[in-house]
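Here is what each chain is made of, one letter per residue.
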Amino acid sequence: MQWLFRGFLLFALLAANPALVRADGGPACELPPDLTTPTDPLPNVAAALRTKNGLDILALGSGSTVGDSSGAGAAALSYRAPGASYPYRMVESLRALRPSGHFQLTVKGGRDMTAELMLPILQEELSARHYDLVLWQTGTVEAVRGLRPDGLRELLQDGVDAAAKANVDLVLIDPQFSRFLRANIDVSPYETVLQQMTGNPDVTLFHRFDLTQLWVGSGEIDLERAGREQRDRTIVLLNSCLGEALARYVLAGAGEP
Amino acid sequence: MPTYPADPTCARMDLIRHSAARDLRVDFFRGLALWWIYTDHIPGNVLGDFSLRNFAMCDATEVFVLLAGYGAGLSYGLGLGRNGYISTAADVMKRAWTLYVAHIFLFVLFTAQVTYSATSLNRLNYLSETRLDVLGDDPYRSMLEALLLRFQPSLLNILPLYVVLLVFFAATIWLLRWPRLLFGFSLAIYTLARLTGLNLDSWDAGGWFFNPLAWQFLFIIGALLACAPMRPPKRAWLLDVGAATFLVLGVVVTLVIEPYPHRLEWVSNSPLWLLVVEDKTSLHPHRLISILSLTWLCVRLIRFDAAWLRSRWAAPLVLVGQNSLPVFCSGIVIGFIARLGLEYDDSAWMEGAINLFGAVGMLAVGALAAWYRAKGRAKPPRAMPTVASALLPVNVQPDTG
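Listed in order, the protein sequences are those of chains A and B. Taking our numbering, the leading residue of the first sequence gets 1, the next gets one more, and so forth. Taking our numbering, the leading residue of the second sequence gets 1, the next gets one more, and so forth.
Where hints are given, some of them may not hold.
To be verified - Derived pair list, reagent style SDA-like, types lysine to any residue, alpha-carbon separation capped at 25 Å: (1) A:K165 - B:N269; (2) A:K108 - B:D204; (3) A:K108 - B:E265.
For the record, the hints were derived by calculation from the structure and aren't laboratory data. Values in this document were obtained by computation on a predicted structure and should not be read as measured data.
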């Protein structure tokens, strides 16, 4: 019965928002190759796909990763979509792009979580079991709170070291673009730090800021300008587009077409 | 034309304060900083792409704090010899109290504005971006923390900094008699804050967004420039070249490197990375050198008595700069309304309208504040002054900027 309900929901969603899928079945948003291809290959991902035809993925991040963009205390407004944030969408896209593959996802983190709080989780997860790929979304909370970029660099370096020890590819994910962030927060020092981490082997940076800025610029996905009624649908669209972009990024990193 | 006898109560009230000693450059640039603070803080405002932060490693905050220090130095430092330490420090504390009350009022106003807009427009991001979601998490505690200045929503972090800087100034103002000692003391605290990350504690984050232990250095430099001006160096051209070079470097970093991900990536992974990492919280040396270079060149290029500072073109910014507290507070509130406008419609017309709205609004608030002050000055005294009161030291007009 539940699948019927889900199917109906999906149908209603698609019918209500034709922008979600294009006529040719491709993604609803622009995915330029330079933003969906890592600058360096992802060797551990490639090896896992080759040997076990699957990936064990850990996604670690703040609100957008765990699907909690709520402002607590305003329960009527809160948007919690724990099973629908972009890492889940990425796995859905991976399954669509590689139907025979086995993809396992673990999502950790929480709203307002800094890299300092996430680092122990990362270390614990990596020592507890083997992952092939870690997505680490961070930097936003640091930038909003004005924490020192130097401090972020040290924490990320510890995370990078832990990932290297565990033979796992690390994909860092930078803040999501918003006009508010651009106007009020100086993101560039934090971007620089994230960028610097890519100097380590098996560490790449997924440019979420540039990608989401592109979508805002073209008017495809613009959360800040979405009207009250379109808001939830826009969040769904954003998550699925980011998921699609990440799936392509991961497969491109593994040398897959 | 009939002429009327001069009557102080009927005299035309000049909204802009002029005097032989008043440095209108300070008022002008403070006004400009306030305007930049307005344009910069509205997400998606095109004018925000043309403010100082787009061309230099510092922004309006540095201008504001340096000139706040300069203003405090002028208003209180010069009266120190006349009125003594206790009286002067008390005046500074009174000013800090005024700023504190203004901050609390602005906090309530801004919170009401943002939370109402967020709930009625279903825009949760307003709460998380301004960090007012904390208020929803723990409303009772956050009231207390706001009063203790340990809870500072975004955009409401400059006034708490100003309050603490004035309290710090009240405590250290007696050191103004030994400017080098004060400078050294302030530099030592700055260095300590930079090296250890020492900061005042905040409730919902690691520390204050503007670390007062670092920013006090810029404030004290401002105060020292007012009270203990340096002798002009023998080889001023060397400083000219150094300052200009640093500013050009700032233009390269902010205009040529940072906006382009590939260049930023290249620079970040090269030995030049030191150029592109800086933090605002603890006033990174790049930011400090940048504002001091700008100040030096402004002093060199713009004469104290430059005629254009008294022209009608400069008048709006001078007026705004002379009434910076009410203008700053209203700018925050008007800025949020402007943001709502831009989110409703982001056409060029709306861009023009919100900036005009902000300019007129801030100017009106500045003019009103100036009018009240001028009215107060023009009022005849209630009691006839006595010889004794005439001999009392004239209270230094507190700097209301």
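Task: Hints not upheld, ascending by number - done: Of the numbered hints, just 3 does not hold.
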